[in-house]
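**Student:** Going down the list, the protein sequences come from chains E and F. Residue 1 is where the first sequence starts when you use this note's numbering, and the numbers rise one by one after that. Residue 1001 is where the second sequence starts when you use this note's numbering, and the numbers rise one by one after that.
One or more of the hints may lead you astray.
Derived lysine to aspartate or glutamate pairs resembling EDC-like cross-links, with alpha carbons at most 20 Å apart [said to hold, decoys possible]:
1. F/LYS1061 - E/GLU55
2. F/LYS1104 - E/ASP144
3. E/LYS360 - F/ASP1230
4. F/LYS1151 - F/ASP1024
5. F/LYS1067 - F/ASP1024
6. E/LYS358 - E/ASP334
7. E/LYS358 - F/ASP1054
8. F/LYS1160 - F/GLU1125
9. F/LYS1071 - F/GLU1228
10. E/LYS352 - F/GLU1215
11. E/LYS360 - E/ASP394
12. F/LYS1031 - F/ASP1041
13. F/LYS1160 - E/ASP144
14. F/LYS1071 - F/ASP1230
15. E/LYS427 - F/GLU1059
16. F/LYS1083 - E/GLU55
17. F/LYS1199 - F/ASP1054
18. F/LYS1104 - E/GLU98
19. F/LYS1056 - E/ASP394
20. F/LYS1083 - E/GLU31
21. F/LYS1216 - E/ASP357
22. F/LYS1160 - F/GLU1131
23. E/LYS358 - F/GLU1052
24. F/LYS1056 - E/ASP357
Cβ-to-Cβ under 7 Å is the rule here; a few derived chain F residues that face chain E [to be verified]:
25. LEU1077
26. GLN1107
27. GLU1143
The following label-pair restraints were derived from C-beta to C-beta distances [unchecked claim]:
28. F/ASP1230 - E/GLY60: 38 to 48 Å
29. E/GLY203 - F/ASP1230: 50 to 60 Å
30. E/VAL212 - F/GLU1228: 33 to 43 Å
31. F/GLU1228 - E/TRP214: 56 to 66 Å
32. E/LEU154 - F/LYS1056: 41 to 51 Å
33. F/ILE1141 - E/LYS358: 31 to 41 Å
34. F/ASP1230 - E/PRO179: 34 to 44 Å
35. F/LYS1056 - E/TRP214: 39 to 49 Å
Think of the hints as simulated: they come from the structure by calculation, not from any bench. Built from N, CA and C at the ideal position, the CB exists for glycine as well.
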Amino acid sequence: MKKRIFLAFAALFSFSAAVGLAEVSLNGTIETENALNFKTTQVETQMNTLLLKFEYAGEGYHLFASPELKVSGLGTVSDLDGLKQVDSIYPYTLNLKEAYLDVYEFLLPAVDMRVGKQIVVWGTGDRINPTGNVCPSDLSDLFDWGEKLGVPSLLLNVYLGDVIVSGFYTPVFTPALLPANFLEMAGADLGSNTLELPGQVLGESQQAALKVNWPMFGYDFSLSYYFGRYAIPVVNEVRVATDQSIESSKSGFPRLHVVGADFSGSLFDLGVWGELGVFLPEAYSTKSYYNHPSYGWILTGDTAAEGYVRYVVGTDYTFEGGTYINVQFVHGFDHEIGKDLLNDYLITRVEKSFFQDKLKVIPLTVIFTVSEWNDVANNYGFGWVPEIQYFPSDNLELDLGCYILHGSGSNIFTNLKDDDALFFKAKVSF
Amino acid sequence: MNKLIYPLITSVLLLTAATCFALDPHEIVKKGDEVANAPKDAHILSTMILIEGDGKQSERKSEMYQKGTEKRLVQFLSPADQKGIGFLTLPDDIMYLYLPAFHKVRQIASHVKNQNFAGTDLTYEDLSEFELAEAHRVELIDETGEEWVIKLFPNDTEGKDYTYLHIHYRKDNNYPVLVEYFNSSGAVWKTIERTELQKISGYWTAKKLEVKNIEKNHSTINRIDKVEYDLGLDDSIFTKRYLMRTR
């Protein structure tokens, strides 16, 4: 692993040398994130991240690469031998978040091309985008929703006056990155689980998307179509043992078509936006088997996939004095796959800056959900994330806050209600 | 009789001439707009110095393209945590913001107009409004040997961060050298001063612009490092396509 990291960095610095070090800009961030569980006093997160951004702009082209090294302070040592391994004491990962080439006016003056591993975000929703399916979600941090993983792909943007036509293609399938405690979040026990990844042959792995964006009456509109796969695994088989416990399960990534539309603009002084995705999974079903004491494995359920709609509408406003409010109504999150599994969420963010944006107080980042409108008292959940951000000087950001989670009934907040935590982050940009 | 008539006629003529030659304040503001907006287009590299009340300073570098009075594209080149942030102004109050961390261009609503742009004392409106004469009622309130001082009341107060303005115009070139922003209590809360005037490529240019927020005891100095005029900038620069490009 150490050799691989060394080689990766050596390759990037060689790239810098090849194009002329003086002309390559090198920026990046160093960040530390720490979270402590209120109730158990357990250190939930201790992560240190170095992100580098290499960039070079030539005549008609642009190169960008961003390797990221993450080192956890929470070791995974489980035996004496582990104490001999530095990567057991400090587990680390190296990821090339993005590495791409932009070619401007590619073949035609109206065409820009970006090729390589890249993050593409479509949709006008604020960090929640039902039409943003071309790159899988990075769900590793529950409260940093909207993060995406880079995908090796080709993106063509064609500019026809005010109309922008975007075409996306990737020959490979990249699954989403799930949170470390995703089973706890989902409140699910999947027994011994098997994951069936699509083969990396074009017929199974390739994905494509097309988007048309145009301005009209002061608003921006888009229509899009995505042909790909769910990036979050979908359970397609569950086997329940005789004692009613889940013995095993199988999950996969079914084929999916998404037809999307969005808009954004101003209504009076308010910022307004909306986004809708019609999810049309290709035929798959979730089969349930029960190990009957007399008859052995019997099929007890076979639920066929149905199409469904996810949407987001939102508005924001800045009051005189600088208080900013952002409100979104969300029907269905990324992880809610299936017509009957979609929940409604109201997400608000209120922030007020002081001292020329040096101090930002964010008392109300609240996400509230109701999973059953007929019985709200027993089927609700919320996450409240009060936060203070301080920017003592350029390039330096300090962030102190906490997650307070509560809920009743079957929802993600009920499942995580014992995970209230205090967090502290510090980030330096260079 | 003639002795009486001649002085009377002379007085009437002099009064008429004085009335004719006293500049209409609206005309002064209009000429000021014309001087400030004289170049067909511009490309400007500048350094902004942000100064806190205790004297602590920080610096931003930016690049700006401007065409006519309604199209502007600004992108920050430094510091590192602001690099790549871009802002595009188009006719009819259409504004776009590009934040590289979010990987997309976002249309922003007019409620941000009076908010500070990226921690500076300049507001989004300061970056997008150029023509004062058509948008204000004006009156001449003072005149010295070198300057006219004009009071401007906005025709539409909606969304304005001032009740009225005082603008000092230089008499020799009509350049607006000082703008004072008054609040509803009649107190000056912000000033924009343009100094180090030079003629560059035939156009009057203030190489230094200082914005003082008196209420917040904070100021921003924008110093032009390089300016080029009348480059024949194409409309394609003032697009979302260009806003996202790294330069």
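**Student:** I want to verify a distance hint. Is the separation of the beta carbons of F/GLU1228 and E/TRP214 within 56 to 66 Å?
**Tutor:** violated, 33 Å
**Student:** Can the restraint linking F/LYS1056 and E/ASP394 be considered satisfied, given a maximum Cα separation of 20 Å?
**Tutor:** It holds: about 11 Å lies between the C-alpha atoms, which stays within 20 Å.
**Student:** Tell me if the interface restraint on F/GLN1107 is satisfied: Cβ within less than 7 Å of some Cβ in chain E.
**Tutor:** holds, 5 Å
**Student:** F/LYS1216 and E/ASP357: Cα distance at most 20 Å?
**Tutor:** holds, 11 Å
**Student:** Given the hint of 31 to 41 Å, is the C-beta distance from F/ILE1141 to E/LYS358 inside that range or not?
**Tutor:** Since the Cβ atoms of F/ILE1141 and E/LYS358 sit about 37 Å apart, the hinted range of 31 to 41 Å holds.
**Student:** Need the status of pair F/LYS1031, F/ASP1041: alpha-carbon distance at most 20 Å?
**Tutor:** Given pair F/LYS1031, F/ASP1041 holds - Cα atoms ~18 Å apart, limit 20 Å.
**Student:** Do the beta carbons of E/LEU154 and F/LYS1056 sit within 41 to 51 Å of each other?
**Tutor:** holds, 47 Å
**Student:** Would the hint linking F/LYS1160 and F/GLU1131 be met if the CA-CA limit is 20 Å?
**Tutor:** Roughly 14 Å separates the two Cα atoms, so the pair holds.
**Student:** Hint check: F/LYS1067 vs F/ASP1024, CA-CA at most 20 Å. Holds or violated?
**Tutor:** Given pair F/LYS1067, F/ASP1024 is violated - Cα atoms ~28 Å apart, limit 20 Å.
**Student:** Quickly compare the C-alpha distance for F/LYS1071 and F/ASP1230 to 20 Å and report which way the hint goes.
**Tutor:** holds, 14 Å
**Student:** Hinted pair, alpha-carbon criterion (20 Å max): F/LYS1199, F/ASP1054. Please report holds or violated.
**Tutor:** violated, 35 Å
**Student:** Does the alpha-carbon distance linking F/LYS1056 and E/ASP357 stay inside the 20 Å limit?
**Tutor:** Within the cut-off at roughly 15 Å; holds.
Hint check: violations occur at hints 3, 5, 6, 13, 17, 25, 27, 28, 31, 34; the rest are consistent with the structure.
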